[in-house]
Amino acid sequence: MEHAELEALYVAVKGDLMRTAWRILADRAAAEDVVQETWVRALRTWRERTDGVPSRAWLHRVTVNLCYDRLRSPAVRRETGGLEEAVSDAGPEAELLRSEATAAVREALAGLPPVLRETVLLREAAGLKYREIARVMGCPVGTVMSRLHLARRRLRVILAPYLEME
Amino acid sequence: MKRSTAGRSAVDSPGATESRGRTPTGCHLGVLAGPFFDGELPPGEARSFARHLRRCPACRAELRAMHRLSLLLRHEGHPGNWGEEPEEVTAVEPAEVPTARPSPTPSARPSLARGPALGVVGGCME
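Protein sequence lines, in the order shown, are assigned to chains A and B. Be aware that the first sequence starts at 132, since it is given in the working numbering, and climbs by one per residue. Be aware that the second sequence starts at 181, since it is given in the working numbering, and climbs by one per residue.
It should be emphasised that the hints constitute simulated quantities derived from the structure, not laboratory data. It is possible that part of the hints are untrue.
Among chain A residues calculated to face chain B with C-beta under 10 Å, some are [as the list claims (entries may be wrong)]:
1) 155
2) 156
3) 233
4) 254
5) 268
6) 269
7) 276
Here are a few chain A residues that sit away from chain B, every Cβ distance over 10 Å (derived from the structure) [said to hold, decoys possible]:
8) 139
9) 167
10) 203
11) 204
12) 244
Positions of the beta carbon are idealized from the N, C-alpha and C atoms, including for glycine.
Between the sequences and the hints, there should be enough to build the whole structure, so can you do that?
Take a look at the structure:
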């Protein structure tokens with residue numbers, strides 16, 4: 132892969148990476164930092180020829196993992212908003228509920244084994260197809276399916292109070 | 181007959197998936213709700229599962245829960261603001277219209293969001 136190809140790939144997927152990062156972090160500035168760091172890592176990997184060749188799925192995987200590292204950081208900022216998905220609700224009660232749900236999601240994800248967490252985030256936040264997740268995680272598609280099934284079941288149990296609420 | 185990962189026969193022959201275990205909502209075919217929701221079932225299987233959904237409130241509940249979980253994980257929905265069902269879910273809407281009296285307009289189609297009572301004529305088995 133030439134440098135120009137890598138750059139073209141990054142430009143093509145940058146918006147998707149930003150969306151993925153925002154979906155995990157719910158913080159525009161933090162998401163921008165993560166996408167920038169993803170690019171730095173892609174350049175380093177490309178130069179050093181380590182850790183595989185950067186691809187769309189590879190970039191998403193790095194983004195997801197960087198986001199999760201950031202969520203675990205005590206310095207993580209809790210500002211939200213900035214993207215079109217951040218639709219504001221009518222009142223403070225709804226806003227509080229949204230905020231509680233966001234915290235509950237983070238806690239639930241933190242409780243998952245890393246391999247299940249990465250699988251479910253690559254699907255839900257990054258929107259990768261099963262085949263792409265299998266490629267980037269180095270496992271069969273059937274394994275992706277079973278991990279996803281397991282991760283969702285666990286998350287549904289933990290997040291049941293929110294999921295059952297109208 | 182060529183079989184995919186989820187297997188067409190899984191829908192057509194319910195007993196074939198017993199070993200996979202049941203979903204929280206009870207139907208053993210509920211395990212296909214994930215691949216169906218993700219758009220990962222081959223077209224033939226997706227059609228079969230969509231037919232199954234017409235008769236299975238457990239699988240419809242499974243699909244609805246999956247939709248909500250997906251929204252929560254993407255910070256795009258939360259209690260009080262679940263929004264509309266995604267295309268994968270609304271695609272099964274026409275099948276839920278009673279065949280004896282077709283809807284006059286697309287907007288009159290029932291939605292999964294209206295609950296499992298619509299068009300339910302039996303249990304979850306084919």
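Enumerated hints in conflict with the structure, sorted upward | Failing hints, ascending: 5, 6.
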